[in-house]
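Protein chains in written order, with full-length UniProt numbering: chain A, 1 to 635; chain B, 1 to 405.
These are calculated hints, taken from the structure and not from any lab test.
Please note that a few of the clues may not be correct.
Pairs of lysine-lysine, DSS-like flavour, derived with a Cα cap of 25 Å [as the list claims (entries may be wrong)]:
#1 533/A - 190/B
#2 533/A - 72/B
#3 59/B - 533/A
Note that the coordinates shown come from a computational prediction; the quantities given were computed from them, not determined experimentally.
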Amino acid sequence: MRLFLRLIVLLLVLLGVAVAVLVHYIKNPHVPAYQTPDEVIYLEQWDEQARQLYYYTPQGTTLKGLRYDWLVALEQPFNQNAFIAADNLGRYGLLFDPAQQPSDSNPGNLPVGLARHQDTDSGIWYVDITCAACHTGELRYQGTAVRIDGGAGMHALASTVPTLKGGSFGQALGASMALTYYNPSKFKRFAAKVLGDNSANNKAYKRLRRDFKQVLDAFSDTAINDWRRGLYPTEEGPGRTDAFGRIANTVFGDRIDAKNYHIANAPVNYPHLWDIWKFDWVQWNGSAMQPMARNIGEALGVGASLTLFSDSGQPVPINERYASSVRVHDMYAIEETLKTLKPPRWPEALFGAIDFKMASKGRALFEENCAYCHAPRPQPVDKRLAPSRDPEWKLRVVPTRIIGTDPNTADNIADHRFDVRRLGWTRGQLSDQDVRLVGDGTLGDVDLASVSSAKGLAYLTAYVEDRAYRDAGIKGADKARMDGFGLPIGVRELRGYKARPLDGIWATPPFLHNGSVPNLFQLLSPVSERDTKFHIGNLEFDPKQVGYRTEAFEGSFVLDTAISGNSNRGHEFRDGCRQGGVIGRYLSPVERWALIEYLKVLGHSDLEQQLTPVPAKPWTPGPDCDALISRQEAN
Amino acid sequence: MLKRLFTKLLRFVFKLLLLLVALGLLGWGVAELYYRIAWQGPVSTEEEIPVGEAAMTQKIIADAITIVETHKDNTRIMRDAHAKAHGCVRADVSVREDLPENLQHGVFAKPGQQYPAWVRFSNGNAYPQFDSMRDARGMAIKLMNVEGKKLLPSEADAQTQDLVMFNQPLFFVSDVAEYQSNFAAQAEGKKVQAFFPSWDPRTWQFRHLLIGLQTLAPPPESPFSAQYFSIAPFKYGPHNSKYRTVPAPEQCPDYAQPTLNQNLPNFLRSAMYQQLSVDRVPACFAIQVQLQDAEKYMPLEDTSIEWREEDSPFVTVAHLKIEPQDFDTPEQNLFCDNLSFTPWHSIEEHRPLGGINRLRRAVYEAVSVYRHERNGAPRQEPTADTQPLTGDLGPQQPDTNEQGE
Chain A
1 MRLFLRLIVL LLVLLGVAVA VLVHYIKNPH VPAYQTPDEV IYLEQWDEQA RQLYYYTPQG
61 TTLKGLRYDW LVALEQPFNQ NAFIAADNLG RYGLLFDPAQ QPSDSNPGNL PVGLARHQDT
121 DSGIWYVDIT CAACHTGELR YQGTAVRIDG GAGMHALAST VPTLKGGSFG QALGASMALT
181 YYNPSKFKRF AAKVLGDNSA NNKAYKRLRR DFKQVLDAFS DTAINDWRRG LYPTEEGPGR
241 TDAFGRIANT VFGDRIDAKN YHIANAPVNY PHLWDIWKFD WVQWNGSAMQ PMARNIGEAL
301 GVGASLTLFS DSGQPVPINE RYASSVRVHD MYAIEETLKT LKPPRWPEAL FGAIDFKMAS
361 KGRALFEENC AYCHAPRPQP VDKRLAPSRD PEWKLRVVPT RIIGTDPNTA DNIADHRFDV
421 RRLGWTRGQL SDQDVRLVGD GTLGDVDLAS VSSAKGLAYL TAYVEDRAYR DAGIKGADKA
481 RMDGFGLPIG VRELRGYKAR PLDGIWATPP FLHNGSVPNL FQLLSPVSER DTKFHIGNLE
541 FDPKQVGYRT EAFEGSFVLD TAISGNSNRG HEFRDGCRQG GVIGRYLSPV ERWALIEYLK
601 VLGHSDLEQQ LTPVPAKPWT PGPDCDALIS RQEAN
Chain B
1 MLKRLFTKLL RFVFKLLLLL VALGLLGWGV AELYYRIAWQ GPVSTEEEIP VGEAAMTQKI
61 IADAITIVET HKDNTRIMRD AHAKAHGCVR ADVSVREDLP ENLQHGVFAK PGQQYPAWVR
121 FSNGNAYPQF DSMRDARGMA IKLMNVEGKK LLPSEADAQT QDLVMFNQPL FFVSDVAEYQ
181 SNFAAQAEGK KVQAFFPSWD PRTWQFRHLL IGLQTLAPPP ESPFSAQYFS IAPFKYGPHN
241 SKYRTVPAPE QCPDYAQPTL NQNLPNFLRS AMYQQLSVDR VPACFAIQVQ LQDAEKYMPL
301 EDTSIEWREE DSPFVTVAHL KIEPQDFDTP EQNLFCDNLS FTPWHSIEEH RPLGGINRLR
361 RAVYEAVSVY RHERNGAPRQ EPTADTQPLT GDLGPQQPDT NEQGE
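Generate the whole structure from the sequences, applying the supplied hints.
What follows is the structure, given as structure tokens:
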């Protein structure tokens, strides 16, 4: 009996410890402290009107049905301060300007990219995660924040799998909501803010509790599902998400069939958006062609509503496919505005003067070693995918076998297959879609029991797009214009990554598609000189090496390049065989510094004019090697 | 009182020791029994290539390049393994006159045929250290005047056949996968994780750890007094084989090695110098092959398993003689460092087999190309006419570059 009692006590103590640990980390999540910047400077990328439109125009996503006024009214888990306060959300990498004021498009004075939209049927205002939430960067230096519009976000917004120590926006939001729901006095204050005078009305109060619980459950269901299935084994951390993997799991797994879930272990950076309208193909692996379809696919992944089945579980008939919350007018407005976005200009007053002599040498080195892949190649009208697009840049997609960078992203997209038969599609129906399969395979080869994510998404977004246009009364030439230069929904599945032009690249650390290299100097160094583990998350910029600082700090995320999906190999300049990711000759440290100096001026013609001509050496193919040629090829 | 306590303690320690010994013996017995049962023929006579080997090979290359960069000498990039040479010497290899017909294949096809050769003796470590340190020791032979198309396409016309060996019959990893994890752990200085990569006892490699410890052995008296093994298998005409070299004192005049000060850093070089250059006494080895008997447990894809001599004996196929000579010159030492040895410098009849050999093809070339480029040295297979006079691999007289008789 005594033993039994003792065991009970022991269990209680253990439970108490577990709860204490949990409470501790909810109160003190593993994130860096927020530093309010002295000021935020902007780098002449576009005008203020364009910026505000970009920051707060909704695209039609929701956060599991979270309402805008709820988010504004939420308190932090263990105090009464607003959840949306800059010193709370700022810790998770969301961006505030101390000078920002509430506006019509941002009445809650929320951080960049947290917009709102109104559901046409119910009139409810939902939180809307828009493009700018993930595609806006910031660099911190000596107390000043340098805003990079269209740059790379550094938050863990997309993360759904909870960790003990916390650190993602979603987990913090879930904690706040749970404590609001289960702490009566907290909920009372919350209801008073949301319902106003109506909060005494018992019916309205109960209804709010019910609706609130529904959203809370949606968050925890996703967290439990993704955790239980181990869908995201490679922690994404700040600045990354497995975009394609998450879109596929959300659309094909959550909504269609649980057997469509695939391990998504390929986090990628948020690519920067200046100039992308000039690219012939977009996405890291160059898989998408039409701007509107790309944007709709992204919105579906972020959380746009989508009706694939009727209430009775039947597939939606062809003429009703597929109602969603995507907002084609707003998306088009954002896309058009982005065409005015210029690459950021190196702020000499803050980061130090550019050494034009070094930059001139750097230009010659760039021509010798980089231009082959990274120089834009404007196409003549008759060679363009979209004749009306001027300029149109043809980008190289370099096979992973050559570039040698982490293959997970390209491989997963190329290899994962999904069963979409539940949707009731037939090939005949699909052939009417404005989808163009480029490369190997035609519609005849598409097996609906085993379709690739890129193709499946292309057909799905085609239906969503059609329906959205139809509902908005858009057709003909307007439709073609809003699609983007009248382009069809092109699909291509290459096992490689595209090499984009490098204007403004200095402002987009960390580097490579998976953010595995913290700064430009290391990117130009042999792999043996790159950090295999480094700390990120506080936005502190290093203007010398050009990237984020890598040393340890409180609340940092440790990026370990040994983990699958985090490889920092490839895109390597070193002596020896040009194979397995070695793409160029060894660059001496002074050559790397010269290249970095040139990358600060690249893309700004007034700066480039200040360079002096330095003869460029010819590119060299490197030594002759055959070791990795397979046996068949060798014989 | 104290005495009694002491006695008690002693008894306890003694019992503990006894228990440990008993446990060890039991474990050994169980392992022995297990391997008796598990290791039985027949085995495949063909290579079995696991999936993912190419990707692992890439990682190993990257680690090897890291190693050569981090362990480089003041003036040079060295090999990632067997970095320190005791010397490169000229040797004569002659195929046994009375070679049985079933062994007349490849370079050993004609009894009595002679080849000039270079032989490099080395320590196994990635950077030079005192010869007295526990280490593996290597012997690499480069036969010249070898006719026929070679396996590496870029060196198809080279006239060389390499035999690359070290002084243990076994390697401490089985295959490319294990090599990769072991090597990566060791590159980070994690010696324990190299053999115990995770908490899962099924991944623990006690046996390979023992081989590893055995490999790091005290030095021989002289590089000429050790045996050297190919470890990995090779084609031998229609057969599969392993080979080795053993000292053959009966072929040479008697020589008593004078006692050397083993505390000096390069005493193994001194031993060679003493015998060949000062005492002017030749050194002799026999080159022996062991053919695979597929009915016995003689696998191709696991280099940690010894092909037992009871199952198939080693047979001498050629004699190797190192005549007295002066080899320890700056030019010859530089020339020696610039040579590239790889089992893939080979004719089809001696094609390397098995995972570790497939790995060596890529890694050896990658490291060789890398260090030659970094060292600014030409990379070219020597011919019988190549002289190390200038430290350059180029033939001394370009117009005498004709094939042997």
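For residue 533/A and residue 72/B, compute the direct alpha-carbon distance and say whether it is at most 25 Å. Holds. Residue 533/A to residue 72/B sits at ~24 Å (cutoff 25 Å).
Is it true that the CA of residue 59/B sits at most 25 Å from the CA of residue 533/A? OK: residue 59/B and residue 533/A at ~17 Å, within 25 Å.
What's the verdict on residue 533/A and residue 190/B, does the C-alpha distance respect the 25 Å limit or exceed it? 16 Å, holds
Hint violations for this structure: none, all hints satisfied.
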